[in-house]
Each structure stands twice: as structure tokens, then as C-alpha cells.
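Colleague: These protein sequences, in sequence, are chains A and B. Letter by letter, the first sequence follows residues 277 to 442 in the numbering used here. Letter by letter, the second sequence follows residues 277 to 442 in the numbering used here.
Each hint should be verified, as a subset may be incorrect.
You can't tell identical chains apart in this list, so a pair holds if it fits in one copy or across any two.
When the alpha-carbon atoms are kept at most 25 Å apart in a straight line, the in silico BS3-like pairs for lysine-lysine are as follows [claimed, not checked]: (1) K382 with K371; (2) K308 with K382; (3) K430 with K380; (4) K430 with K382; (5) K397 with K380; (6) K404 with K380; (7) K326 with K310; (8) K404 with K371; (9) K338 with K308; (10) K338 with K313; (11) K430 with K342; (12) K397 with K382; (13) K326 with K404; (14) K406 with K342; (15) K406 with K371; (16) K342 with K310.
No wet-lab data here; the hints were simulated from the structure. Quick caveat: nothing in here was measured; it's all calculated off a predicted structure.
Protein chains: 2
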Amino acid sequence: MALNKLHGLTYLCSSLMKNTSGLHTSVAALQKWKVGKINHIAIATPDIEKTAALYRDVLGAKVSDKHPQPDHGVYTVFVELGDTKIELLNPLGDKSPIQNFLNKNKNGGMHHICLEVDNIKEAIEDLKAKNMRFLSDEPVIGAHGNLVIFLHPKDCNGTMVELEEV
Amino acid sequence: MALNKLHGLTYLCSSLMKNTSGLHTSVAALQKWKVGKINHIAIATPDIEKTAALYRDVLGAKVSDKHPQPDHGVYTVFVELGDTKIELLNPLGDKSPIQNFLNKNKNGGMHHICLEVDNIKEAIEDLKAKNMRFLSDEPVIGAHGNLVIFLHPKDCNGTMVELEEV
């Protein structure tokens, strides 16, 4: 009888482990998006020509021309560094989304990092289910022509994280 | 006579242009170092387990264990994102170099970016000649076992830039 009980318990444990293992596989299979590489690091600057010259003339990196992005309220300059970019940002217009940051950081500084995702719709749905908040309800077309959305910095330990579908 | 003077002037201009062009070529050939990719972005955090869980469990990235780096006064966790890493930093000991940053940024935030160079000694010599300042006189062995040195953030438009010889 004691042996029967032990056998029953072993069977129960074995079944539970199988079910738990199966559950993990199902959850992993259900996640319909993946995070990829760092697309860029954005640095806000009050003087984009001066900062572009630092990366081009002093550090010797490949630096793009300055591009106005009126839909995003910024000028951009891209610094190519291997597989990742630095995106220099300077305010364009009265309602630039980086003006407040530059008011607090007069010399400029690191503004956000952008992580690539393979499916932004699935990422948003999954992250909302994990109680993550976003700075907008829906993704928008970003400076590179791809869908982007910002996570709330309060949910990312003080760092502004942008997701970009690539 | 007027024609002779014009000819002489043309010859002088031509010689000057040739010399200037030669000088540019020589300067480029003399630069004995190159900047490479972004090695990592460092994020300082008051709660490294919580921030590691964000990147591992919420965003689904590959995240290392926590490593103490007593020589550098920090704990580190590495988040692998393509060809680049996020380096999470948390103070270790009383004289941690990131404590002052965390006192000013209670929730944590982006602390520095690290750019790879192929020859740190030549980079330092060249950058000093370009009036760039460093946070130490000499490079030291960093958390990855390579020589590193920090540029002064006041010379990098508000961003702390680390150079690492790779």
C-alpha cells in the first residue's frame, strides 16, 4: 500500500513535470515577436553641426548630412559605427519632442535607445499584457520609414526605449 | 609682362594646390588609429536584478548573470543585442564611479557609450593633439580585459564616451 502510494506520487509528479514542460513550450511558441539588435542610440544636442564635427573630424567616423524631419520635430544626423548608429537630434520647430530634454540637459546627452523588433503589433500586445506602458496608443512611421513606438521610461528604469519594426 | 605675371600667378596657385593636396594625403596616412563599432551602451541602475529582468523576461533578450567587478567598483550584467551590448551597472563598494550619477538620477539611466578603437595609444596621442581631454592620464584594463579610457564629457557634448582597444 505504501509502495502504491509512492508510485502514485511519482506518477503525479511526473505528469505535473510533463504538463509544466508542455506549458513552457506552448508559451514560448505563442510569443509571436522577437527583439533584435540595437538600431541606434539617440543623442540630443543643442549644436548638431558641432556634435557632427566631433564624430566626423575628431573621432573619424562616417557621418551623414543634416536632414530635417518636420513630421518628428527634429533635425537628424546619422553616425555609422559598425552595425549600429548614433542618431544626433536637434530641435526643429516650436513643439520639438526633445526640447524639454534639452531644457533640462543644456549640453545635450543620451536621449533614447532603439531596439529592433520583428513584429511591432505583436510586441505591443505582449508587452501591454506584461503591464508595460507606451508613450502613444499606436505605433507611428519613424525617421527611417518604419513603424516605431516608445516604451514609458518609468517602466524601463529611467531609460527611454524605442521599438522599431525592421 | 602682364601675361607673364598672370602665368606666374597661375603656376604659383597650381603649386600651392598640389602641395595642399599632398599635405592632406600625408595627414590621412599619418593617422594611425581607426574608430570601430559601438562596443556597448552602459546603463546605470539602482536595482540591477529588476533591470536585468526587464531585458530578459519582458523584452526577451539574452542576459548574463551578475558579475562583481571590484577593480571597477561596479556589478555588471551584459544584455546581448546583435553585434552590440547593453552593460547594466550597479555600484559595488563605497567609492563606486557611478554612485554620483545615481545620486543625480535616482531611477538610473544611460551612463556612457563605448566605441572600439584599433590602437588606443595612437588614438589618445591624436585626440590630445586635437585638444580633447580625458578623465585619466593613461588607459586602464577595463571590465572586458581590454585597455580603456574615458573622454571628458564636456568635450563630447554632454555624452560620456569610453574608448576600448579591441
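Colleague: Look at each hint and say if it fits the structure.
Modeller: Consistency of the hints with the structure:
no. : hint           : in the structure
1   : K382 with K371 : within (17 Å within a copy, 28 Å between copies)
2   : K308 with K382 : neither (41 Å within a copy, 34 Å between copies)
3   : K430 with K380 : both (17 Å within a copy, 16 Å between copies)
4   : K430 with K382 : both (22 Å within a copy, 11 Å between copies)
5   : K397 with K380 : neither (33 Å within a copy, 36 Å between copies)
6   : K404 with K380 : neither (30 Å within a copy, 30 Å between copies)
7   : K326 with K310 : between (37 Å within a copy, 20 Å between copies)
8   : K404 with K371 : neither (28 Å within a copy, 39 Å between copies)
9   : K338 with K308 : between (36 Å within a copy, 17 Å between copies)
10  : K338 with K313 : both (20 Å within a copy, 11 Å between copies)
11  : K430 with K342 : between (31 Å within a copy, 23 Å between copies)
12  : K397 with K382 : neither (36 Å within a copy, 32 Å between copies)
13  : K326 with K404 : between (40 Å within a copy, 18 Å between copies)
14  : K406 with K342 : between (38 Å within a copy, 24 Å between copies)
15  : K406 with K371 : neither (32 Å within a copy, 36 Å between copies)
16  : K342 with K310 : between (32 Å within a copy, 23 Å between copies)
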